[in-house]
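**Student:** This is what each chain is made of:
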Amino acid sequence: MNWFINGEFKDPKAGLLGDSGDKMWFKCWDEISNLSFKIHHQYYQFIGSKKVCKSWWRKLLFSWIIGWTLASVSIFCYMSSLATEKRKETLTSMCDERARMLQDQFNVSMNHIQAMSILISTFHHGKTPSAIDQETFARYTEQTAFERPLTSGVAYAVRVLHSEREQFERQQGWTIKRMYTLEPSQIQEEYAPVIFAQDIVSHVVSLDMLSGKEDCENVLRARRSGKGVLTAPFRLLKTNRLGVILTFAVYKRDLPSNATPNERIQATDGYLGGVFDIESLVEKLLQQLSSKQTILVNVFDTSNQSYPISMYGSNASNDGLEHVSHLNFGDPFRKHEMRCRFKQKPPLPWVAITTSIFILVIALLVGHIFHATVNRIAKVEDDCHKMMELKKQAEAADIAKSQFLATVSHEIRTPMNGVLGMLDMLMDTNLDVTQLDYVRTAQASGKALVALINEVLDQAKIESGKLELEEVQFDLRAVLDDVLSLFSGKSQDKGVELAVYISDRVPEMLIGDPGRFRQIITNLMGNSIKFTEKGHILVTVHLVEEVIDSIEVETEASSKNTLSGFPVADRRQSWKGFRTFSQEEPVHSFSDSINLIVSVEDTGLGIPSEAQPRVFTPFMQVDPSISRTHGGTGIGLSISKCLVGLMNGEIGFVSIPKVGSTFTFTAVFASCSSSSKEYKSQKINSQSNTVSSELHGMRALVMDPRPVRAKVSRYHIQRLGIHVEVISDWKQGLSIINKGDSAIHMVLIEQEVWDRDLKSSGLFINKLEKIGHGTPPKVFLLSNSVNSSSGNATTGACDLSIISKPLRASMLAASLQRAMGIGSKGNPRNGELPSMSLRNLLLGRKILIVDDNNVNLKVAAGALKKYGADVVSATRGTEAIELLTPPHQFDACFMDIQMPEMDGFEATRRIRGVEQNFNNRIQFGELSVDACNNVSNWHVPILAMTADVIQATHEQCQRTASTLAFFGINKFRFFPTGNICFCCRVKVSCCPSKVKRSRALRSQNIVSKLTSLPFQQCKHNITTVSGGMLVFVSGNLQLAGEQHALKFSQHIAPQYCYPLALALEHSASLRCASST
Amino acid sequence: MDLVKLQRQLVDYRDSLYHECFLDEQFTQLQELQDENNPDFVVEVVSLFFEDSERLLNELTKALEQQSIDFKRVDAHVHQLKGSSSSIGAQRVQKSCIAFRNYCEEQNVEGCLTCLQLVRQEYYLVKSKLEALFKLEQQILSAGGSIPI
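Taken in order, these protein sequences are the chains called C and Y.
For the first sequence, counting from 1, position 664 maps to 664 in UniProt numbering; every step adds exactly one.
For the second sequence, counting from 1, position 90 maps to 90 in UniProt numbering; every step adds exactly one.
One or more of the hints may lead you astray.
Stated by the list, open to error - Some, not all, of what chain Y presents toward chain C, calculated at C-beta under 7 Å: (1) Q31; (2) F41; (3) V43; (4) V45; (5) L48; (6) F49; (7) D52; (8) G83; (9) S84; (10) S87.
Keep in mind the hints are simulated off the structure, nothing from the lab.
If you're wondering where the values come from, they're calculated on a predicted model, not measured in any experiment.
We treat Cβ as the ideally placed atom computed from N, Cα and C, and that holds for glycine.
Just chain Y, with the same shape it has in the complex (with noise of 0.2 Å):
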């Protein structure tokens, strides 16, 4: 009975991460091309976007932190991050992306500053959400059930 609970409870979250926008359809392509021969897919695509997005937001910090900013470097983390992001389907990660890039293209400091607030804020809470996401199959996976699709 705690199994069914435990997926109950994972496809009531996922679905809450679609509806409040964190997620899209990409992500759940990329599960879809999770299978037999590669099991592990998202959880690693997801882990090198953890990776790399940590890494770019700490260039970016240090970037914005120059007395000369150098907004071209801004701009192709800012690209990279948006294209990781959008990989994996991390929609509200993107969004702020965007709106970043337009700061970037102005180099407006403040926007740009502001922006990476929101990048920073969006991604831990995206970060967080799919951890705990995981953490959910994984205790499924454990009690030896499958995670519903």
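Extracted from the complex, chain C is given alone in its bound form (with noise of 0.2 Å):
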């Protein structure tokens, strides 16, 4: 179907549209046999395409309506015609009919006639005297008058000299009498007198034939020629009606048929004549045929061309269709034709009407549906068009308020910075309680509000399809166990106990984005903790493998059988629909990557049933008074759920109101054994590796009847490699040490068992002191909240130490270091800033700065050396490039760009080719590496220096950064006192080439990092630079304080830049790290 419709369309179009059609077409061509559906969509869209395709389609309607209107045009004049083709033969047929009955009745009629010429000249003439009289001829005439249809009357005449006159008068005894006059004809030659007539025309005897005008022509052509003459029809005597006579001649003997006409005139006789009434006659004969009514019938004498003499029928002229048959009355000299018309007009030709018109209205229904169709399509297409139209607008609209929202949020998130920054320095000053609350105050809700434009930012990222995922190496345990710190607080406040659950099977170490990760389980975490009042929080961590095994086993999920004895929802039931567990086979396919299942379950309000539904639509709450009472934007939720998309998860939950809720998701992370080098270890939490060694092969007992929570307390136990073993009550316990296997070095007991029954733990406390396996166990309270255990802790025995929940290895292993006096000196606490100064950095570092212009060489030095540094200073390039020839003694350059004689960058270039020089020297072994400082790679740190920056344009400073980078200036400048612009390279210029998306993503991570800190009441301004991103920092160090710009210095460090800190202190590493 399509093949024929392209072959109806090939032909107008390769006319139409030219060469480049005809091209398309062609190619359409080869492939029409196998691909006619393509080609027809093809051709469709090239059309579609085309201006021209609608007044195309216009041209071909009109074309098509003109062709039809042609075509039926000309059916009609060909049925019409065959139409009047048919009647005129009808005509022809007819009158040819008419003519030859007339003709052949005139024709016997003259026979008879003839033979009555024979009769006379044998019975008259022949005999003596004659056997024919008057009387016997009209009787004969009139007996024989049936055998001549056409006459209507017969008379005698004979030839009668003048000599002869007086005798022939004698002897009929009648004068010869002129016609008309009817006097006695005067002197003639001859005479020729009727003798005999029929009855009906008796009165022409005695008349002279040769005295009427027509009769005597008559008369001599008949006796000259020998047959039958006529005459031109004239009215006749007493009937005055058309006739015309015949007359023979009768001659006195048989004249050869050659015989001169003198000798026809000498042997005449006389004359018979014949009167035709031929109006009667004609009418006679035609009321004989059956079709007289249809024709009209004329009969005309020709015999004079130019006035022919009707003989018979009306004179109505009638210019339509006529036939004219010749008659031959067997005179030569007259001429007589008929001619026929039809009576009526023709008939319209109905038939031919109605087919062309027929035809006609169907071919324009044909157009008409035609036209509406290609309207139809214009039609639709255009709406098409429209809509296409509309929905880009509304897209753009979309991406427009999305980026408008992000770019909003960002802006309003940087003055925030400033102010969150500027409280805490606030904080910092000597404030009396009152002011200090209020700051605190304002801290806590500006931090809120970060944290909303940060949902909001994210929400934007997400919906703007901007978000993309990090693949990190990282501790999924520490990751959790930094979220439990952060609920930590909360929690014990409402006393509501939080555990988490990893088990055994999920590896250490994942790649991923640990920080989204974490935000997912911070949002349901935070929605747990907010609508729970009482009863526990328990994150469990499984791989999805392992749930599947389980799901048939675990029947133990009693709500009993729960961490803190509160029923809650069952979990299961969370995950119901989720794909990963409908498949029949689960997915393995993937040895490398790791499904875990995640899952967060609390003993609070619920979500009522209505409102289940537009749990995950962002800005959907509950109930528009729980932002009120619980606060939130609802948009958490709605994050979480995209997030965990983008992880190739799926996320569930059930909620049964005043029961709980359990939120359960997957996330698909890859397997660290297979990582390639390029993911960098993102080390969180590094201390506790270092403090389990310590307590490794340690064991432990935990007391506590509870499965579930025992699983917990063991799984962080077992963490710090510690081997646990579960009891339930104290006898256990008891008999378990006693038994002294092993040493048992602590004993940790479930404050709610420790409280249950204060008198019995005292005893277990007081036996397990009599013990004598060398040092008595420890013993530990696991407690919930701090305060009650606070008040518990002076009851007991003086050896308890108490553990506050939640467990998280950090913290249970500097718990368990400090009651054991392991103690871990000089480790600092996790997420505090090492309490360096700059002025420590700086202290004792050999630093050259080269300056041109005294004044600013002076005022750096002093800037430096305010530090603690030791300058050197030189104001010429030749001069750093001597001082800096190695072995040297110089930490850093400071090198100012723009000297006279030589600038910053071509003495940088020779310092480094001075450098090469010297490496390979030692590298060929020229040069031994103890002669040089134990230094093998020569590769000084220098620092640009610029007063111009804050003047110079945007582009500048690309272009500067840029030349620097080439030229291996290291990335920072220095402004006389304190102005210090920070220019943190990312650690992609090695090869700019390979730089990764991935890694751009990580940069651009970096700089928002950099941009969210408090470091930021400074101005910044970011630039990109292709080959690596650079990131100017600019602002007064001294007004950020020395802790800040550490603080900074150490966010981005030290993979990413060397700001002034860091390129010190790690500028001996870097001699020997750095390879270029």
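Please dock the two separately framed chains into a single complex, following the hints provided.
**Tutor:** So this is what it looks like as structure tokens:
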């Protein structure tokens, strides 16, 4: 069918669209056999894409209508001509038939008259006396009239010479009379008086035929020719009707056929004439025929061509169809013809009319349908275009909205960071209690605002599809510990138990986006904390496979057997809808992908069932009143859902009002085993590892009657490398300790157990002390709430430490260490900055400053000296090269870019050359490393200095920066007195061509982290340079405070940049490490 | 009582210098760099600035008196002057240097001469102001007081 359509379209198209159309068509033609549909589609598109098509359709339609109109007209013509032809034929045949009949009958009459002439010659002239007299003649003719149907009367006239007149008159008894006047005729040479006549014409007896004009002519002609002759039609005597007279000459003797006229005249005896009353005769004749009414017949004498004499028929002229048939009455002198016409005008050719109209109507209908279709198509196309346009606009608007949201959020965040930073600093000053309270409140609100803005920003990012996940290696357990510590304060305040359990089968290190994973967990836990007043919140992490395997087995999840004893919603319900579980074969195909399933279970309010369907819709909350009582925007879950989606996971929940909710999500991470070197390990919490080594191999007893809780405790203790045994009551505990197979180093008792029976617990402690296996085990109390435990602790025996929940490895380790006296000295607490200062970093460093401007030199030297550096000044590039030729003692060099004679770039280039040279010599063993201060690779950090940057334009900055990078000047600037511009270069410079997208994103991430730092009360200016990202942060260090500067530098260091402090801190190691 | 008066006078005077834009925060920072290890830092730097500037002004005057002026050289001098003035925070000198450099770029002799005049004027102004400031400080110090910050 498509082929057909194509075929139909082909010709006009090729003609109309010219060459391009042709080519296009030929291309199509090649494929037409097998790809007809495709071609049709292409073609349609092609047509659709052209403006031409509209006019083309119109032309086609127009020609269609014209063509069919012409066709129907021609059909009409053809059909009506057929009808006319047929009519003509009918007329011809009728006319001929009539003419023939008339002629036949006339001939019959004529023959009879001739026969009569012979009769007269035989019986009148041949006998003496004559055998015929008038009477006989009349009777005979009367009786034989039927033989002559066309004659109305017959008469016989004899030839009488003048000499015989008297005798003749006497003989006959009458005188010869003239015609019309009926007077005796005058003297003539000869006469032709009628002697016999049929009764009808008996009045002509004795009339001289030669006296009448027509008769005379006729008589003369008849005797000359010897044949029957006819007169022209004339009014007959008496009847006054049109008639003709047929005259035969009667001769005395038989004449030969070739006799001369003279001989014939001489031999003439008389003349026999018959009167033909043509009118009545023809009428009589026609009456015998059936279809006399249909046609009109006229008979004319056309002997005189120009004046045809009508012999019969009305003169009604009719210019319609006429047929002429010639009549031959045997007289060659006279010519007659019959003209026939139809009486009625030809009927309208209805068949033709209806046929053609019918065709035309059909064609018009088809045309109309065609037109309507084309219009419809055009309209639909137009609508479609419009729709697309609108769609585009709508999408653009949506994107614009998202961008606007992102921009505005960002723009709000920046000043907010300023506000927060200032508040931070304000808190460091001397404030009284009220002021401090105000500041804390302000800061808390500010942080809340920033968090909210971050959420909105995330939402906007997700909506605009700009959110992409990092892929770094991270420790899942550490992330969860972090989250736990985040919520520990809140949970302790509320008295809600918080716990995390991670299955042993979950690998230590995963590759994924820890930040986003943390965000999801934080969101879910935050919600749980918000809505839970009593009971617990439990986070469990398993492998999906593990859960699938245990689905059938796990029956223990009775409502009683929970962490806190409160009933919970069955979490298995929450993942009922997951694809991973509905599949018959769970996805095991990727060996290095790890499917995690994370559940967050709480014993909170639960979600009302009517609100459950819209839980994941952004900005939807269960009830507007929720936001009043609990705060929040309702955006968190929606973001979580998106994030889970980005991690190829699913999220679901089950919630029973007043019992609790359980949110479960899955996420796919890459396993670390296959990790390439590209992934940089993010050691979030490294000291747990170091600590665990000290506790490693110890044994612990956990006393807890609740298996779930005990499982959590065991998990955390095992993480430290401690062997754990779980017991449910005192007796069991004592029996294990008494067995004494191996020493038990610690006993951890759930506070609930302790409080329940203070007596037996006291007893237990006493017994423990009596056991004589060396040092008695330490006893720890696992307490949920800080306040309550502190009260109880005093009541307990001397050797009782309290570990407050939620348990997490670092905290647990620290508590254990403190109690066991192992102690990790000098290990700073997690998250706290090392108390270094800029002063310490610069102290004792030897720094070279190169500047041609004395004043600048002095000021810069002063600034660096202030921080304890050992400064050497130089005013020329050449001087600097000399000083920096290895071996030397300098830790860093600050170089002015603009100098006369030799500028900073040139100087740096030369220094690098010298260094390279020197390094090569070391490498080839020409110089011993020992002779060069044990440094095998010389590469002094050179920091560019310029006073112009603040006034410089953005482009100049960029240019300078890239040039700096090119010459290997380290990415840093120093302004006289404290105005420091950090220029951090993301460490992709080694292979700019291979910069991967993920790396670019990572650097972008760093930028965003930078901008959210409190350091940002300074002006900042971020710019990108091809081949890597450069971040300029210019600002006043003194204003911001050293601490912030350090924080800043630490945050982005060490992987990514070398700001001042770090450049100096690591300059020694850099010298060895930097390979370029 | 005299000392307190002097101190107040110094503070007022210094404020007026900031207020009239002779100095900017750069000078404050310069003062902050001064400590026990380096008690005369500001004076040293400023006098270095005076020496340097006078030398540069002389150079500039000479350079502009020449028949064919070497604008590149003039520009380098002005750049130097601008750098050192910004280093000590002599804002008005620095600003006039910027204008000077613009004329230099256009090679506008008239403009350069006017600017030189202006720079010189600004320089002497700030010099006298600073000298007065230091004199006040000296007075306070010799009276046994400390310099208020």
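**Student:** State for each hint whether it applies.
**Tutor:** Comparing the hints with the structure gives:
A least Cβ separation of about 10 Å between Q31 of chain Y and chain C goes past the 7 Å threshold, and the interface hint is therefore violated. Contact between F41 of chain Y and chain C, as hinted, is supported at the beta carbon level, the nearest pair being about 6 Å apart and thus within 7 Å. The closest approach between the C-beta of V43 of chain Y and any C-beta of chain C is roughly 12 Å, which is over the 7 Å cut-off, so the hint fails. Because the beta carbon of V45 of chain Y sits about 5 Å from the nearest beta carbon in chain C, less than 7 Å, this interface hint is met.
At about 6 Å, the closest approach between the beta carbon of L48 of chain Y and any beta carbon in chain C falls short of 7 Å, and the interface hint on this residue holds. This hint holds: F49 of chain Y has a C-beta 5 Å from the nearest C-beta of chain C, less than the 7 Å allowed. This hint holds: D52 of chain Y has a C-beta 6 Å from the nearest C-beta of chain C, less than the 7 Å allowed. Look at G83 of chain Y: its Cβ gets to within about 5 Å of chain C, closer than 7 Å, so that hint holds up.
Contact between S84 of chain Y and chain C, as hinted, is supported at the beta carbon level, the nearest pair being about 3 Å apart and thus within 7 Å. Given hint, S87 of chain Y at the interface with chain C, holds; its Cβ is 5 Å from that chain's nearest Cβ, closer than 7 Å.
This entry does not satisfy hints 1, 3, going by the numbered hints stated previously.
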